[in-house]
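If you're matching them up, the sequences are chains R and F in order.
For the first sequence, the working numbering begins at 1 and goes up steadily by one.
For the second sequence, the working numbering begins at 1001 and goes up steadily by one.
Take the hints with a grain of salt, since some may be wrong.
What the hints assert, rightly or not - Covered stretches of chain R, going by a simulated chain F footprint (3 or more residues, C-beta under 8 Å):
| id | region |
| --- | --- |
| 1 | 137-145 |
| 2 | 148-157 |
| 3 | 322-333 |
| 4 | 407-414 |
Claimed, not checked - DSSO-like cross-link-like pairs, simulated, lysine-lysine; straight-line CA separation at most 27 Å:
| id | chain 1 | residue 1 | chain 2 | residue 2 |
| --- | --- | --- | --- | --- |
| 5 | R | 398 | F | 1119 |
| 6 | R | 122 | F | 1174 |
| 7 | F | 1177 | R | 93 |
| 8 | F | 1256 | F | 1061 |
| 9 | R | 124 | F | 1119 |
| 10 | F | 1064 | F | 1269 |
| 11 | R | 398 | R | 459 |
| 12 | R | 188 | F | 1182 |
| 13 | R | 124 | F | 1182 |
| 14 | R | 346 | R | 335 |
| 15 | R | 398 | R | 268 |
| 16 | R | 189 | F | 1119 |
| 17 | R | 189 | R | 122 |
| 18 | F | 1221 | F | 1061 |
| 19 | F | 1269 | R | 189 |
| 20 | R | 93 | F | 1269 |
| 21 | R | 188 | F | 1177 |
| 22 | F | 1269 | R | 122 |
| 23 | R | 189 | F | 1061 |
| 24 | R | 122 | F | 1061 |
| 25 | R | 122 | F | 1182 |
Just so you know, the hints here were simulated from the structure itself, not pulled from any lab data.
Please read these numbers as outputs of a predicted model, since none were measured by experiment.
We put the CB at the ideal spot given by N, CA and C, even for glycine.
Listed below are the residues making up each chain.
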Amino acid sequence: MSTGLIRLALPKGTLLSPTSRLLNELTLGVEGYSSDARRYRLHSTEFPYITAKIFQEKDIPIQVAIGNYDLGICGADWVEELLARYLSSSLVKILNLNYGKSEICLVSHRHSNIPDIYVIGKEKREWRIVSEYPNLAEAFALNLRLRDFKVFPVWGSAEVYLPEDAELAVLKIVHEWELASRGFVCLKKLLPVTACLIANRESLENRGLHQILSRFASRRVESPGTLRQQRTMTQAQPAIFHFQRGEQDVRVALPDGHQQVPTARVLKQAGLELQGYSTGVVCSRPEINLDWASIKVIRPQDMPLQVANGNFDLAITGEDWFREHIYRFPASPVKKLLDLGFGQVKIVAAVNTEVPVADIAQLRRYIQNGAYPCLRVASEYINIADRYLQDQHIGYYKLILTWGASEVFPPEDADLLIDNVQTGRTLIKQNLKVIDILFQSQACLIGNMQGLASRDKAKNINFIIRRLERAVA
Amino acid sequence: MKNNQMCRGARDLLPDDMTCFRYVEDTFRMSCRQWGYQEARTPTLEYLHLFTAVGTLTPSKLSKVYSFLDWDGWSGERVVLRPDGTIPMARLYSRSLSEKTIARLFYVTNVFAFEATGKENREKWQCGVEFVGSSGPVADVEIMMLANEIMRKLGPGNIELELSHAGLVRALIKELKLDPEKEVDLVSAVLDGEWQALVEAHVPDPDLHELLDMLLNLQGKSSSFLRNARALASRFSPDVYQQLDDFVAITTILDKAGCNYNINLKAVKGFEYYTGLCFKLLTDGHEVGGGGRYNNLIPLIGGKDVPACGFALYIDSIMRLLPASCGKGDEGAIMITIEKDMTADLSAVGFQLAQLLHRGGYTAVLDFEGGETFRYRWSVVVTENEATPFRVSDNQRNQQWDMASASDVVDMLEKQG
């Protein structure tokens, strides 16, 4: 960390607007920190010694904990998620900022027939808990003395997995009525959440942060009622479940986000008509014109793990996420069945343009010559990055898991980036250059063909595979 | 970062440490075998769920386990580096030995627990004993006698035995008739060693208050103390009385066997799986071991309803108390020095001599350092002298002999004792 400069980590997303307003009210004057921010690196007009960087909210606690930033603002949920696993980390929560309010809750679905939390503790059975907060979920399960439980970490939309694929979810809830309208039951409120100011412990002990801290302490913001609160549940929709599934029924996971449009197009070409999976209207459970198939929309990142566990028979994800899973679990029953030809990206290794290396071999020599005490590698693909660095015999490195927008990390907060690129323009804008291409990725169909319940089911799965094969031929 | 750095909380055991370690281990093994115990070993990796149920590990211990997903852990099934010695042995018994009415088992193992500062060892070694199949007080006394005997043989200092009783503590807490949530909180606090929570608990019944006061604040040295407490407990629930009865039965045997102890209910913590007597062993005030009765553990992890008790000695703590010279036996070793830069012929003769000495039960070491013979009582120089190629020295008595053959050397050493 540069001496003299005080570094502030600020959130993107739903906390951006209220945080920006707060910084203006405190006359900290962080220029360019607004919802249409074009830059990630910012400066204070008021205090020349303050610099700031914009991160995904989830990345901020770890950045502050490892000392890359002195102060940060993010939701208390992500702070507690880190502390639940790393109690002795150098992260200190300083102030609740009283906006971005929500609650972390333990939720079940009414069809799971769990009347209260005490039943969970007493019943001798396996509990499947799905959550974006796996550490909090595990801490909760251990405290409740659950004998047998499994936590499934997901990147988002945890509620979609209830009730068929998990009995319990640990979710962020803004309004409790949202739950009831979708058939969910809050069994226990685990943690109240509000935006909070956090600090690195060593910075707090050794650095002059008092001018900034006194501004925060002198004026806490009231809950901004006019603000649009965080949306934690997908759009309200009727709770229709294919709860009683036949042995021949096939379960398919489709992606949300930017893969949704090309996926819908390929499915249409394959003669598979869906309702509720078109631009603007994405249900979590679209209807399909096959009475033996059911569809759920989940994050592509979560699909391989879900398919491995038999919650889905088929899924459309990216080869990148398939490999990320296989590298972590080499014996997984998930197989790639078909390349679908869209969503093409390259997975690359990139460094800052000022680093005097042109390829990975040069980087290895550069490291051997003592260029870095420890190579810091930022990536969404923690297992792909780990495998790559081991294969390349990079001796001493640390992986920093990021939750998107990884390209903002180098050079201050990471030395090497492992990321996907489509055109490469984003990397150039961030002064980064590609030094290696790990592999080409595209959308693919994955499946779990092990332990199929019946020959009819295999026939149905093959029907979908053949249709898609013809569509992309 | 230098490649030779260790992980925080890790520790190398150097040759001197290992000599001491083996001394402790060998003494422990020998005693266990003499008492009819058999050695068993469990794997380093176990499923996390073995340790999560109520009655296994406390939440504070669970928060320090090394748990992770294995390479085939896509189902979310976590595994742990063994955080405790007893629970895996209970699993081993219920899986493979449950047809035995009585199983006397012992083990030497490492256990792993996170420690935040990294200054303490995160991997600790212990040697433990489990006596499965008897609920009687004689079994409790047997394992305490065994623990005591091992510590006496190791001899690092004065041994103290502190006794508590998990069943009695739980029965007393039950007697407070708290609402269920408060009772759970109080049990958790006491399990974490916060005895003050029990001392300060509101006790509406003055007689119970007096009994608690006596048991928590006085330290008896004989079964009479517990008989007195039992006399005061007659009007409380039968469970309190029965637990005291069990405690009296054990201490009566110890009294008759002439074994000294202190009764200190607050002596133990983290006794989640213990159901009856618990004990702690101290040497010159340092905790070196502990154990107790765990009648519910085997049924809890899916085995049949079998009572058991056991203890563990903490090897790291014991090693710190032993003198640096402990377990060293180099004085009987023989150094073989080969003259003239170890030529092929002389080296072959040296190896033949070494093999002969090894067969005779001697430790014989080839000299690579140029005659550090003073470290050894005996040294043999292999020379080019064809008639008497072996020059034998007794470095203690400063005497020398020239020998014609390797077997002469062995004979001479035997004669010299």
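Results for each hint:
Residues of the region 137-145 of chain R with a Cβ under 8 Å from some Cβ of chain F number 5, which satisfies the need for three, so the listed coverage holds. Counting residues of the region 148-157 of chain R whose beta carbon lies closer than 8 Å to any beta carbon of chain F gives 5, which meets the minimum of three for the stated coverage. Counting residues of the region 322-333 of chain R whose CB lies closer than 8 Å to any CB of chain F gives 6, which reaches the minimum of 3, so the coverage claim holds. Proximity of the region 407-414 of chain R to chain F, defined as three or more residues with a beta carbon under 8 Å from a beta carbon of that chain, is not established by the 0 residues found.
A distance of roughly 22 Å separates the Cα atoms of residue 398(R) and residue 1119(F); the hinted pair therefore holds under the 27 Å criterion. This hinted pair checks out: residue 122(R) and residue 1174(F) have alpha carbons roughly 19 Å apart, not beyond 27 Å. Straight-line distance between C-alpha atoms of residue 1177(F) and residue 93(R) comes to about 39 Å, which puts the hinted pair past the 27 Å bound. For the hint linking residue 1256(F) to residue 1061(F), the alpha-carbon distance of about 37 Å lies beyond 27 Å, and the restraint is violated.
Restraint check for residue 124(R) and residue 1119(F): the C-alpha separation of about 39 Å exceeds 27 Å, so the hint is violated. About 16 Å separates the Cα atoms of residue 1064(F) and residue 1269(F), which keeps this hinted pair within 27 Å; it holds. A C-alpha spacing of about 46 Å is found between residue 398(R) and residue 459(R), which places the hinted pair above 27 Å, so the restraint is violated. Pair hint residue 188(R) plus residue 1182(F) holds up; C-alpha atoms about 18 Å apart against a cutoff of 27 Å.
Pair hint residue 124(R) plus residue 1182(F) holds up; C-alpha atoms about 24 Å apart against a cutoff of 27 Å. The straight-line distance between the Cα atoms of residue 346(R) and residue 335(R) is roughly 21 Å, inside the 27 Å bound, and the hint therefore holds. About 44 Å separates the Cα atoms of residue 398(R) and residue 268(R), which puts this hinted pair outside 27 Å; it is violated. Note on residue 189(R) and residue 1119(F): the hinted pairing is violated, with a Cα-Cα distance of about 37 Å set against a maximum of 27 Å.
Between residue 189(R) and residue 122(R) the CA atoms are separated by roughly 19 Å; this keeps the pair inside 27 Å, and the hint holds. Simply put, residue 1221(F) and residue 1061(F) have alpha-carbon atoms about 31 Å apart, too far for the 27 Å limit, and the pair is violated. Restraint check: the Cα-Cα separation between residue 1269(F) and residue 189(R) comes to about 31 Å, which exceeds 27 Å; the hinted pair is violated. At roughly 31 Å between alpha-carbon atoms, residue 93(R) and residue 1269(F) are farther apart than 27 Å, so this suggested pair is violated.
Straight-line distance between C-alpha atoms of residue 188(R) and residue 1177(F) comes to about 26 Å, which keeps the hinted pair within the 27 Å bound. Proposed proximity of residue 1269(F) and residue 122(R) is supported: the alpha carbons are some 25 Å apart, at most 27 Å. A distance of roughly 24 Å separates the Cα atoms of residue 189(R) and residue 1061(F); the hinted pair therefore holds under the 27 Å criterion. For a cut-off of 27 Å, the pair hint linking residue 122(R) to residue 1061(F) stands: about 21 Å separates their Cα positions.
A threshold of 27 Å between alpha carbons decides the hint, and for residue 122(R) with residue 1182(F) the separation of about 18 Å falls inside it, so the pair holds.
Of the numbered hints listed earlier, those contradicted by the structure are 4, 7, 8, 9, 11, 15, 16, 18, 19, 20.
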